[in-house]
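Asks: From these two lone chains plus the hints, build me the complex, please.
Going line by line, the protein sequences match chains B and L.
Following the numbering used here from start to finish, the first sequence increments by one per residue and tops out at 125.
Following the numbering used here from start to finish, the second sequence increments by one per residue and tops out at 226.
No wet-lab data here; the hints were simulated from the structure.
For clarity, every value in this text was computed on a predicted model and none was experimentally measured.
Don't take every hint at face value.
Think about it this way: if two alpha-carbon atoms lie no more than 30 Å apart in a straight line, the pair counts; the simulated BS3-like pairs of lysine-lysine are [as the list claims (entries may be wrong)]:
id : chain 1 : residue 1 : chain 2 : residue 2
1  : B       : K122      : L       : K72
2  : L       : K99       : L       : K7
3  : B       : K24       : L       : K85
4  : L       : K96       : B       : K73
5  : L       : K99       : B       : K96
6  : B       : K29       : B       : K45
7  : B       : K125      : L       : K7
8  : B       : K97       : L       : K99
9  : L       : K96       : B       : K96
10 : L       : K96       : B       : K29
11 : B       : K24       : L       : K7
12 : L       : K72       : B       : K29
Just a few of them, taken from the derived set where beta-carbon distance is under 10 Å, the chain L residues facing chain B [stated by the list, open to error]:
id : residue
13 : I10
14 : L13
15 : N15
16 : P16
17 : A18
18 : I20
19 : I21
20 : G22
21 : E25
22 : D29
23 : L32
24 : L35
25 : G50
26 : R51
From the three backbone atoms N, C-alpha and C, an ideal C-beta is built for every residue, glycine too.
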Amino acid sequence: MAEDSRKIKILIADDEPDIIVITKARLEKSGFEVVTCPDGEGCLKLAQDLPDVILLDIQMPGIDGYEVLRRLKNGESTKSIPVIMLSASSSEDALKKTLEAGAAGYVLKPFDPGALIETIRKAVK
Amino acid sequence: MDKDAEKILIHDLRNPLAAIIGSAELFNDGLLGDLTAEQRDQIRIIRTAGRMLSDIISDLQDIRGLEDGDLKPVLADVPVSDLLKELKWTGDFAEKEGKKLEINTGRTERVLADKGILARVLSALIINALKQESSGDKTLLRIDEDKEFVKISIVGSGDGVPGELVPKLFDKNFKTENPGLKTKAGPGLGFYFCKLAVLAHGGKIEAESGRGKGLTVTIHLPKQRK
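The shape of chain L in the complex, shown without the other chains (with noise of 0.2 Å):
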């Protein structure tokens, strides 16, 4: 598809979800009456369907630009308590799941960031950690410090990937090229967003997994502008 017919795609996307989402949030808040608990756990699958699909849409849009070198985070210093509002609706996610988002930011306050598009990255990671996640088991978000880098863990649960196969875990191809790997969701083009968006903020992205051992991704960021 040409860029063109691409970015005219994309906007034709964002109408209708735009839609879906504002009117599923204004039953969400309670703004339309109360619901019962069966109409408001629809509600929820259907908000977060929608933001999800949102951000697939953000992600096929950023890796254009990213790839094009349009698009650079515009970094400030963001609080961590304003990065984890963003991430709200990954732990609504959890819990209309069933699964369990632990969050253990430590020590640090802030992270050198875009917000927006951080967001992004962690929300991608921790969705696909939960989907992964066996019934009992849970996902932690683990925040931590060393001098240079703010380095952010999604510790996931769940089957794992093959060993041989984690260094190919963020190329553009990873899906199509292993259609085979059995797992309940799997990284998709989301993981490819998150590498080009952590590189653009001069970090560094990792994964650790083997099989039933989980999967583990960690981002480094760097604590000073470069």
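Isolated chain B, as found in the complex (with noise of 0.2 Å):
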């Protein structure tokens, strides 16, 4: 969890660069420090660095968002980073799937900003 000295870090992962810039944007006018990357290996490779929370969009190509979970989740660096799941399908399937896998919430595109940030404002507590 961030300490209150420094900002809140936060990795998005999706592959709509209009997506990443405007979520970005939002998040860094907002307070918190963003990385970026466009896909699932990236996102594997920078939560390393291990930030407080994780974007995570379902529909990428490559990996995509519920095998990046799995992996985030049985690695020992990074399971407990909490994951957020960015999709535009609000199936219920999608939904159960992602938060029994353990993801701590799920945005449905497109999303109210008030209800991402406070979102990630109850993952990272």
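Replies: Quick look at the structure:
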């Protein structure tokens, strides 16, 4: 968990460049530190730097969000990082599957910025 | 369209829409610097239209879920103040259009509902009422209750709907079967979603109107879990 004296560091993994730009801008303006990557491989690599929370898109080329989540939760150093799934699918199956796999939250696109920040703050508490 | 194709379409629409709304909200919230009044108006148009599109996409998805019984409202005691926060954008829409939305919640403080679904139902009804409204009229969101139900009414003041069509307003095919109906907007698939959503809450939805009398839609939501 982040200490009060430093910014909460968020890793965003999403293959949609526009979503990355907008989410990064919103979170940085709200006082978070943000790093980004466009795919699952990049997410697994950057997760080794132990961000405070990861925002993870489900549908990405290569390793998808489900598999990235599974590997993060099986990794000794990464299993305690809260992961919030970002998805354009509101199916109950997707929600159930990610929460059962250990996700700390699930945010549907297009997301409400206030709700996203609230979910992040809850996850890192 | 089959179910799988529909799912892919909905998924593919959400990503660009998230970009449009997210970008408009960065400007709207002043995070990218000061805007002129004209720029603020334009951004508000983009944001409101984006929210409407987002709701239509969610309606399409949830109609399927409600019809199939896969989607069930998750009921909770929702503070009316939280519900009104979710509806704030409809007030922005009214302001942009130079129309009036009045809210009277009476003494009701809480509603037993799925907040997200109920907010979409009310948004659809309010926006429809505002679109029908002429300059100088107003739309009223009124909440009251009796022993068994919380009753939420959207009281419109536009041209209304001919009385013989009122019982069919919430039918799935209402719009396609009444293409000549001369209203500025008219209920579409959104009204059918409203009916399914309210029924899934264990409630009922009613409409009253007549030509020139405006349309009033009232939702009855049970106060106790059934």
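Asks: Now tell me, hint by hint, if it's right for this structure.
Replies: Evaluated hints:
The suggested pairing of B/K122 with L/K72 holds, with an alpha-carbon distance near 25 Å, which does not exceed 30 Å. Note on L/K99 and L/K7: the hinted pairing is violated, with a Cα-Cα distance of about 36 Å set against a maximum of 30 Å. For the suggested pair B/K24 and L/K85, the alpha carbons sit about 25 Å apart, so the restraint of at most 30 Å is met. At most 30 Å may separate the alpha-carbon atoms for a hinted pair to count; L/K96 and B/K73 exceed this at roughly 47 Å.
With a C-alpha separation of about 42 Å, the suggested pairing of L/K99 with B/K96 is violated against the 30 Å cut-off. For the suggested pair B/K29 and B/K45, the alpha carbons sit about 26 Å apart, so the restraint of at most 30 Å is met. Distance hint between B/K125 and L/K7 is unfulfilled; the C-alpha atoms sit about 34 Å from each other, more than 30 Å. Distance restraint check for B/K97 and L/K99: the Cα-Cα separation of roughly 44 Å exceeds the 30 Å cut-off, and the hinted pair is therefore not satisfied.
With a CA separation close to 39 Å, the supplied pair L/K96 and B/K96 exceeds the 30 Å bound. Our distance criterion of 30 Å between C-alpha atoms is met by L/K96 and B/K29, whose separation comes to about 27 Å. Between B/K24 and L/K7, the direct Cα distance comes to roughly 27 Å. Compliance with the 30 Å bound is thereby established for this hinted pair. For the hint linking L/K72 to B/K29, the alpha-carbon distance of about 37 Å lies beyond 30 Å, and the restraint is violated.
Satisfaction of the interface hint for L/I10 is found here, the shortest Cβ-Cβ separation to chain B being roughly 8 Å, below the 10 Å cut-off. With a cut of 10 Å, the hint placing L/L13 at the interface with chain B holds, because the nearest CB-to-CB distance is about 8 Å. Interface hint status for L/N15: upheld, as the beta-carbon distance to the closest one in chain B is roughly 5 Å, under 10 Å. At about 8 Å, the closest approach between the beta carbon of L/P16 and any beta carbon in chain B falls short of 10 Å, and the interface hint on this residue holds.
With a least beta-carbon distance of about 4 Å to chain B, the hint placing L/A18 at the interface is held under the 10 Å criterion. A least Cβ separation of about 8 Å between L/I20 and chain B falls short of the 10 Å threshold, and the interface hint therefore holds. At its closest, the beta carbon of L/I21 sits 4 Å from a beta carbon of chain B; the interface hint therefore holds under the 10 Å criterion. For L/G22, the suggested interface contact is upheld, since its CB lies about 4 Å from the closest CB of chain B, less than 10 Å.
Proximity of L/E25 to chain B holds as hinted, the smallest CB-CB distance being about 6 Å (cut-off 10 Å). Satisfaction of the interface hint for L/D29 is found here, the shortest Cβ-Cβ separation to chain B being roughly 7 Å, below the 10 Å cut-off. Given the 10 Å rule on beta carbons, the hint for L/L32 holds: about 8 Å separates it from the nearest Cβ of chain B. At its closest, the beta carbon of L/L35 sits 15 Å from a beta carbon of chain B; the interface hint therefore is violated under the 10 Å criterion.
The interface hint given for L/G50 is met, as the beta carbon of that residue sits about 7 Å from the closest beta carbon of chain B, less than 10 Å. Below 10 Å, beta-carbon pairs count as interface contacts, and L/R51 has one with chain B at about 8 Å; its hint therefore holds.
Going down the numbered hints, you'll see the structure goes against 2, 4, 5, 7, 8, 9, 12 and 24, while the others check out.
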